[in-house]
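These protein sequence lines map, in sequence, to chains A, B and C.
Under my numbering, think of the first position of the first sequence as 3, with each following residue one higher.
Under my numbering, think of the first position of the second sequence as 181, with each following residue one higher.
Under my numbering, think of the first position of the third sequence as -8, with each following residue one higher.
Treat the hints as calculated values from the structure; they're not laboratory data.
Fair warning: this is a prediction, and the values are worked out from it, not measured in the lab.
Possibly wrong hints are sitting among the right ones.
What the hints assert, rightly or not - Straight-line C-alpha distance at most 27 Å; calculated BS3-like pairs for lysine-lysine: (1) A:K53 to A:K373; (2) A:K86 to C:K36; (3) A:K346 to A:K62; (4) A:K373 to A:K50; (5) C:K44 to A:K423; (6) A:K50 to B:K233; (7) B:K189 to C:K36; (8) C:K87 to A:K438; (9) A:K86 to C:K26; (10) A:K135 to A:K226; (11) A:K53 to A:K86; (12) A:K41 to A:K62; (13) A:K53 to A:K33; (14) A:K298 to B:K233; (15) A:K41 to B:K309; (16) A:K298 to A:K111; (17) A:K135 to C:K36; (18) A:K353 to B:K233; (19) B:K309 to C:K26; (20) C:K44 to B:K309; (21) B:K189 to C:K87; (22) B:K309 to A:K86; (23) A:K346 to A:K333; (24) C:K44 to A:K438; (25) A:K111 to A:K33; (26) A:K111 to C:K36; (27) C:K36 to B:K309; (28) A:K373 to B:K233; (29) B:K189 to C:K89; (30) B:K286 to C:K26.
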Amino acid sequence: MISKSKKGLISLVLAVTILTTFSNFAMAQVKELHIAINKSPWLPAFEKLTKMYEGETGVKMVLHVFPFMGLYEKELAAVTTASKTYDLMNMNEIWGPFFYAGRYLTPLKEIDPEFTVPSHLMQFFWEGYWDDKVHYQAPTGVLYGIHVNGNIHLLQYREDKYKEAGLPTPPETWDDVLEAARKLFDPPNFYGYVIRGARGDPIFYNSMTIRHAYNGYMFRDPLKGDFTITVNDEKNVEAWEMYARNLNEYGPPGVGNIGQTEMMGLLASGRALQAIVVSAAFPHLDDPEFSAVPFKIQFAVPPKGRGGDHSSTVAGWTMVVPRFISDERKKAALDFLKWFMTQKPQVEYTKMGGVPVSTTVFQSELMRDPKYRFLKATQDSIPYFSSMPLIPECAQIRDVMGLHLNRALIEEEGVRESLDKTAQEILEIMRGAGYKGVTIAPRS
Amino acid sequence: MTGRINLKKLVPSTIFFILLAILSLPFVYIIMTSFKTHLDIMLRPILFTPTLKNYVDLFFTQTSNFPRYMLNSLIVALFSTVFIIGIAGLSAYGISRSEFVWHLDKILLGWVLFLRMVFPVAFALPFYKIAQSLNLLDTKIILIVFYTTINIPFAVWMLKGFFDQLPRAYEEAAFIDGCSIFGVFWRVAMPIISSGAVATAILVFMLGWNEFLFALIITESSRSMTLTVGIAGLCQQYMVEWGKMATAATIFTIPIFVLSVFVQDYLGKGLTMGIGIKE
Amino acid sequence: MRELTHRSITTFLMTLPLVIILVFFSIYPFVSLIKMSFSSFIVGKGYEYVGLKNVWRFIEDQRAWESIGRTFLYVFVSVSGEFVVGLGLALLVKGKFKGVIRTMVIIPMLVAPIAVGIIWRLMYDPVFGIINQILAKIGIQGKNWLADPQIALWSVIIVEIWQWTPFIFLILLAGLESLPKECYEGAKIDGASSWQTFVYFTIPLMSPIIIVALFFRTMECFKAFDKIWILTGGGPSDVTEIISIYIYRVSFRHNLLGYGAFLALIMVGFIVIYNLSYMGFLRRKIQ
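Extracted from the complex, chain A is given alone in its bound form (with noise of 0.2 Å):
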């Protein structure tokens, strides 16, 4: 017979146990989720949109905002000292690979492993993932975040210049774009391309876009591991020869320091046709306080290169769990995340500016409404997106490319050369950083 004091005991430590389980499972209940996210354009869209997921789910949604000259510092402070303050963190992918191969972040599937990435979701180039055996952004790698800002570089030009011109619209290959630069170059009241030209970041992007038009990669397979430096091939060398020396021509004065604001700025003002923009500038290019031009900026799939194809280099910012919080918190994270996919919350982030990352926007009715037309060439761009090498070392490799290209563009350095010193440095940074067996490949 069990005496009384240990029936007593007994049903004690039962009562305490269901309890607690209960409360775990109330406690599991997240009632915040604080996100690390940069001051952009589209951030009241996103604002808006996590009001209507407190609306909806009751969890309170706290955005620490903080300038973007300065969020991968505050970031970098934050998984280094293994804080716990954010459950998200937006993260552009200049600084992926290297918090990914740090281990800082938390695998997506780690959290739910019945996770699959939605077949309508646009698949930014494998920005997300990483595979660690080829230390690249690859898809057999692991997922660690998803895309909430679906930027991709397009062409912007002024369809009715081109129109009066006589010149068919949208042009297909850079050199269509050349021509009508030619055509409608009048300094100093408008010119015909605008290069974003400052050294660093800004030139290696908008470089980006024609060299890989034209076929020319920086490493011949990253994806299988193939790490042979190609940056200075003869593709690469036409495609730059075409916009440093020809393009420039038509461009306005200044091409060595011109950053995003300038570029935008000559655009929108009115005094220039064309040139490679972010899609998530949009909403300015209409805004009759920021543009001369409302509506009259086109948005098209950038150009053709010789001998290559189309080609949209993607540039946008993920969202990534870090390590070190609780379990509940991560799972909190991933549900806003997957909410944030639905059809729902992209179509009015869409509507509210910010750039959607789902092609079921494209079945809404946005599509129609031509303050939205940036949706289309998104559409077309897809087949064709492309991005930049995305190992731990591609910030190193970036700005000693961006400073190179730089040089030759205020003819420091000729055309050739630039890619050819970039090619010595990258070899040299990649041995460094201990890969094996890096070559650059000879000249065909």
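Given the coordinates of chain A, work out where chains B and C should sit on it, guided by the hints.
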């Protein structure tokens, strides 16, 4: 008599006003820009239709945190200045007026100088760790502490310089009259160098007001975020909002301008030459 | 007879708060800095000790040396310019123009550094900038102030001088106005002219203040970062890449955080050398 223009006084004044005008031109441009739309900034440099939109957006929309940032900056800069002047004043006087065992004063001065010579970037992560371990991340308190630490070197050297420049006659007189050392410091030395102390205070306040890197690293939310971080947010990835930036610059210069005027007028001048030695 | 100058406990205690602060908040960062300088930051693992590897890297790093040389030039020209203008203004303002007008002189220093960078970048813009637009109105062809490798550095120096002259002005003015009038009167009675009074009396008397002003302004100038990053990012090419920009790139683009820390440490040495050398020069001149 009237009618005779004093050339000796006129020429320097004219030169001064010309220089002042040149120095102020960029700021005049900033003020003008704050009243323009982005389009006007690009296309119409001199004649334009003014608009208040930038001011409204920055301060009167619901989601704007700028008033909060301003308050944070004010509190942090003010408190750190008070602490700095107090601590640095004491130390500078002590160092200036006495001999130290083992040349500790030279060591102190040198150490303090090294602190100032290091690029802030190198200290960013260590300071972050300190704040994290004290659980004071995202608080104004830790910002005040850090600003005090990094700006004290300047104040110590400045005030020491002013004390060094001061002949000891006044203090010795007071001392002989029976004042304690602290009393001499507080009632004689500090007031005499008040214009120097004021200049130091203004500069130290400004250093705290305009500091960016540590504020960025430490602050997380509007609880402690300062102006400089807030202004940086106007430099967005795709575009810099020139108009709002000019507005922020204009508005945020005002508190420190007013403070400087006040501090110079009321604290700076009064007591300097008026001390007569009762001999 | 009580003497003011003596080893008093009180004076020692007066420095105690300073010492406490320094000990608590500067030792750890310093130690960290030294540790980081001799380590490499490995992604995922943190800092690993690598001995003198960073030293060798620095010796062979041509870009670093060029940057340091460029920084010396930048600092020398900027601080000299600020000193000349600041001194001139202080002499003009001394004793007059109380309050608002005097404070107007220091406005450039009060404007948020990031705003200074942005607005000057806008003013210098070859197409939208007000400088070129005004020049065009009087028929002069404007230059590419920030994009022309020949003049970009000077354009940046001008901004530096504009922004920081008030710093030196304020200190020199306070120094000038702190001098007891008796000294002036003594010299005047002896028959010295104002210029002589100025050079042989005022300047030596003010030398501690002048030295502090130059010293600190120089140190701050070495660290200039925000506005140059915004104005040119170190470009075009690398003509405006002063050492703080280079350290930033090394730390946050090349992710060589250990080497970046090392560079910061080395720069302390360079700043000391620079300051000592011109101070020695100045001391001789003043004497």
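Verification of the supplied hints:
Taken as a hint, the K53 of chain A and K373 of chain A pair is honoured in the structure, with Cα atoms around 24 Å apart against an allowance of 27 Å. Among the hinted pairs, K86 of chain A with K36 of chain C is consistent with the structure: their alpha-carbon atoms are about 18 Å apart, no more than 27 Å. Under the criterion of a C-alpha separation no larger than 27 Å, the hint pairing K346 of chain A with K62 of chain A is consistent with the structure, at around 20 Å. Taking the CA atoms of K373 of chain A and K50 of chain A, the gap is about 19 Å. The hint holds against a cut of 27 Å.
Distance check on the hinted pair: K44 of chain C and K423 of chain A sit about 25 Å apart at the alpha-carbon level, within 27 Å; holds. About 22 Å separates the Cα atoms of K50 of chain A and K233 of chain B, which keeps this hinted pair within 27 Å; it holds. With a C-alpha separation of about 69 Å, the suggested pair K189 of chain B and K36 of chain C falls outside the 27 Å cut-off, and the hint is violated. As the CA atoms of K87 of chain C and K438 of chain A are separated by approximately 72 Å, the hinted pair breaks the 27 Å bound.
The hinted pair formed by K86 of chain A and K26 of chain C meets the criterion: a straight-line CA distance of about 26 Å does not exceed 27 Å. Note on K135 of chain A and K226 of chain A: the hinted pairing holds, with a Cα-Cα distance of about 10 Å set against a maximum of 27 Å. With a C-alpha separation of about 23 Å, the suggested pairing of K53 of chain A with K86 of chain A holds against the 27 Å cut-off. For the suggested pair K41 of chain A and K62 of chain A, the alpha carbons sit about 20 Å apart, so the restraint of at most 27 Å is met.
Only pairs whose Cα atoms come within 27 Å are accepted, and K53 of chain A paired with K33 of chain A is accepted, the gap being roughly 14 Å. Taking the CA atoms of K298 of chain A and K233 of chain B, the gap is about 25 Å. The hint holds against a cut of 27 Å. About 25 Å separates the Cα atoms of K41 of chain A and K309 of chain B, which keeps this hinted pair within 27 Å; it holds. Restraint check for K298 of chain A and K111 of chain A: the C-alpha separation of about 45 Å exceeds 27 Å, so the hint is violated.
For the hint pairing K135 of chain A with K36 of chain C, the CA-to-CA distance comes to about 18 Å; that is within 27 Å, so the pair holds. At most 27 Å may separate the alpha-carbon atoms for a hinted pair to count; K353 of chain A and K233 of chain B meet this at roughly 23 Å. Proposed proximity of K309 of chain B and K26 of chain C is supported: the alpha carbons are some 15 Å apart, at most 27 Å. Using a Cα cut-off of 27 Å, the hinted pair K44 of chain C and K309 of chain B holds, with the two alpha carbons roughly 26 Å apart.
The straight-line distance between the Cα atoms of K189 of chain B and K87 of chain C is roughly 11 Å, inside the 27 Å bound, and the hint therefore holds. For the suggested pair K309 of chain B and K86 of chain A, the alpha carbons sit about 13 Å apart, so the restraint of at most 27 Å is met. A hinted pair counts as satisfied when its Cα atoms are at most 27 Å apart, and K346 of chain A with K333 of chain A qualifies at roughly 22 Å. Of the pairs offered as hints, the one joining K44 of chain C and K438 of chain A holds, with about 21 Å between alpha carbons and a cut-off of 27 Å not exceeded.
Between K111 of chain A and K33 of chain A the CA atoms are separated by roughly 23 Å; this keeps the pair inside 27 Å, and the hint holds. Simply put, K111 of chain A and K36 of chain C have alpha-carbon atoms about 23 Å apart, close enough for the 27 Å limit, and the pair holds. The straight-line distance between the Cα atoms of K36 of chain C and K309 of chain B is roughly 17 Å, inside the 27 Å bound, and the hint therefore holds. Distance hint between K373 of chain A and K233 of chain B is fulfilled; the C-alpha atoms sit about 23 Å from each other, no more than 27 Å.
Restraint check: the Cα-Cα separation between K189 of chain B and K89 of chain C comes to about 16 Å, which is no more than 27 Å; the hinted pair holds. For the given pair, K286 of chain B sits about 25 Å from K26 of chain C by alpha-carbon distance, which is consistent with the 27 Å threshold.
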